[in-house]
Amino acid sequence: MLDYLQFVLAPQMVTGLSFGVAVVLVALGLTIIFGLLDVINMSHGEFYAVGAYLALSLGGLGVSFWLLLVLVPALMIPIGFAVERGLIQRVFNSPDRHVSTLLLTFGLGIVLEDLLSLTYGPNTQRPPTPIRGAVEIFGIMLPNYRVFLIVFGLLIVAAVALVVYRTRLGAMVRAAAYDRNMAGSLGVPVKTVFAGAFAFGIALAGLAGVLLAPIYSVFPTMGRDFILLAFTVVIVGGMGSIIGAVVAGLGLTQLQAISSLYISPVWSDPIVFGILVLVLMLRPQGLFGRLGRA
Amino acid sequence: MHEALPLAAATSAPRRDRLGLAMLASHVLAALLVIACLVFAFIARRADDVFYLRLATEALIFAGLALSVDILLGYTGLLSLGQALYFGLGAYTSALALRSGISFAPTMAIVLAVSLAVSLAGGVIVNRVRGVYFALITFGMAQVIAKVVYNTRELGASDGLIGVPIVPIHLGLVSTSSASPVGFFLFTLAFMMLIYLIVAYFLDTPFGRILIALKANERRVPFLGYRPFTARLVAYVLAGVTAALAGALYPMLRGFVSPELLSFTTSGNAVITVITGGAGTLVGAIYGSLLLTALRSFVGSWTTHHLMVIGVLFMAVVVLFPKGLVGFVRITLEHLLEGRR
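So the sequence lines, in the order shown, correspond to chains A and B.
All the letters of the first sequence, read from the start, carry residue numbers 1 to 294 under this note's numbering.
All the letters of the second sequence, read from the start, carry residue numbers 295 to 635 under this note's numbering.
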C-alpha cells in the first residue's frame with residue numbers, strides 16, 4: 001500500500017500538479033479577459049503556442065531560460081495590446097458582442113496556427129530541459145524541473161491575485177469589470193485597462209508556453225488540445241473568477257491524473273468534457289462568482 | 295403555442311413585409327444557384343470530369359451542415375459550436391445502415407428517426423442555457439461524443455468505418471447511383487434544395503417569426519404569449535435533423551466515415567461558412583460552402599497554407615461585412631424586387 005503511494009500515486013499526482021499549474025496560468029488569462037472584456041478568446045491556445053515557439057527560437061539563439069521567463073511575456077504584451085486595439089475593439093460595440101468577438105478570435109487562432117506551421121514547419125520540436133536531475137522528497141523521486149514549475153507557477157498565480165485584489169491597479173480593473181461606464185466616469189482609463197488586461201492575459205498564456213515547452217514539446221497545433229481543457233477549467237471555476245480558475249484547474253488535472261491510473265487515459269477527455277456539460281447544465285455560472293462581483 | 299393575430303395578418307397580407315421580401319430574395323438567389331450548378335454539371339459531363347463533380351457534391355453536403363448552423367445562428371441567435379455532432383451522427387448512422395445492406399430510402403428514414411430522437415434529447419440539455427453558454431455547451435457535448443466515438447472500436451475508433459457499398463437511388467421515374475459523379479451531384483443538389491425549401495417554409499411561417507423575435511429580444515417573447523423554450527427546442531431539432539440528413543449523404547459519396555466528421559474543425563468550418571456566406575439568409579450557407587470549397591481547392595493548388603487565407607477572409611468578413619456576402623448582395627436584390635411591384 002505504501003509502495004503504491006510512493007511509486008505510483010504520488011508521482012502521478014505531482015506530474016498532474018505541474019501540468020495543472022500551467023493550465024491554471026492559461027485559464028487565468030482566459031478568465032480575466034472574459035471577466036473584464038466579456039470576450040471569449042478562442043485564439044488563447046494559439047498565443048500559448050506562440051509563447052512556446054518564441055521560447056524555442058530565442059533559446060536557439062542562445063538566450064538563457066531564465067531570461068526567457070521574462071522576455072517572452074514582455075514580447076507578448078505589445079502583441080496582445082495591438083490585437084485588442086486593432087481587432088477586438090472594432091467589433092466590441094456590435095449588437096452581439098459575444099458572438100462577434102468569439103468569431104473574430106476564432107479566425108485569428110486559425111491564422112496564427114497556420115502562421116506558426118508556415119514559419120516553423122509542421123514537425124514537433126523540443127527545447128532542452130533547463131534544469132536537470134531529480135530530488136527526493138519523502139521518498140518520492142521528483143524531477144527538479146517539475147518542482148520548479150509548480151513553485152514558480154503558484155508564485156505567479158499568487159502575485160496576480162495580489163495585484164487584482166490588493167492594489168490600486170487591481171481596484172481599477174475590478175471597477176471596470178463591475179461597471180465600465182461608472183468606472184470610466186470616475187476617471188479609470190477603461191480602454192487602456194481593457195487593452196492592458198487582454199495583453200496581460202496573452203502574456204500569461206505565453207509564459208505557460210515557455211514553461212511547458214521542455215516537457216510537452218512544441219508543435220503548431222499544440223494550443224488546440226490545451227485550450228479545450230483551459231475552457232473547461234474557466235467554465236467549471238466560473239467565468240471571470242480567479243480563485244475558480246485555480247481550484248478547477250488543479251482539481252480537474254488531478255482528476256485526469258488519478259483517473260488515468262484506473263481507466264485507460266483515452267477516456268480522460270470524455271470525462272472532463274462531460275463535467276463541462278454537467279456544470280453548464282446545472283450551474284452555468286460555475287463554482288465561483290465573477291471578477292468584480294466578489 | 296397560441297395564435298398571434300398581428301403576425302398571422304402580416305403573413306397572409308397580399309403585400310409581402312420586409313422579412314417576406316428578404317425570403318423571396320433568397321429564393322431568387324437559390325434559383326440562380328441551381329442554374330449555375332446545372333450549367334456546371336453539363337460542362338463537367340462534357341469534359342468527363344470526376345474530381346470537380348465529387349468536390350462540388352461534397353461542398354453541397356457540407357452546405358447542409360452550414361444551413362443547420364444558420365437556422366440556429368441566423369434565425370434564433372444561438373451560436374452552436376458543436377453542430378458536427380449531428381452531421382457525424384447522420385454520417386455514422388447512414389454508414390452503419392448501408393454496410394448492413396439496407397437500401398437508400400430506409401437508410402434515410404432511419405437517419406431521420408435517430409436524429410429526431412437525439413436532437414430532441416440534446417435540445418433539452420443545451421437549451422437550459424443561452425448566449426455564450428449555449429456556444430460552450432454545444433461545443434462540450436460534441437466533444438464528448440466525438441471522443442467516445444474515437445475510443446469505440448465497434449465504430450471503427452480513430453480509423454472510422456470503411457467499405458460503405460455503392461447505393462442505387464430510385465426516385466420514381468429516374469434512378470441513379472452514388473457511384474455516378476453527375477447523377478449523384480444532381481441528386482445531392484435536388485436533395486439540398488428540397489431541405490432548403492422545407493427549412494425556408496418553416497422559417498417563413500409565424501413560427502419562424504417567433505425565432506426571429508427570440509433573436510431580437512428574448513425577454514419580450516413570453517409577454518407576447520409564446521414559450522421561448524419550446525420555440526428554441528423546435529429550432530434546435532430542425533437544425534439537428536437538417537445536419538444529420540446532409541451527413542447521411544457523406545458516406546455514399548466518399549465510401550467511408552471518420553471521427554474527423556464529428557470534430558470541432560468540422561463545426562468550426564460550418565460556422566465560418568455561414569458567416570462568410572451571410573448569417574440569416576439560408577441560401578448564404580450554400581453559397582458560402584461552394585465558395586469556400588472553391589477557394590480551398592484554388593489556393594490549395596499552390597500552397598498548403600490555405601487556412602491562413604480563409605482565416606484572414608473570415609476575419610475581414612466579421613469586421614467589415616457582418617452580414618456576409620449574400621447578406622450584402624441580398625439588400626440590393628430586395629430593393630430591385632420591391633421596385634418591380
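Just to be clear, a hint being listed does not mean it is correct.
[Said to hold, decoys possible] Pairs of lysine to aspartate or glutamate, DMTMM-like flavour, derived with a Cα cap of 20 Å:
| id | chain 1 | residue 1 | chain 2 | residue 2 |
| --- | --- | --- | --- | --- |
| 1 | B | Lys617 | A | Asp3 |
| 2 | B | Lys617 | B | Glu628 |
| 3 | A | Lys191 | A | Asp3 |
| 4 | B | Lys509 | B | Asp498 |
| 5 | B | Lys509 | A | Asp96 |
| 6 | B | Lys509 | B | Glu632 |
Treat the hints as calculated values from the structure; they're not laboratory data.
Checklist entry - Quick check: which numbered hints come out false for this structure? => result 1, 3 and 6
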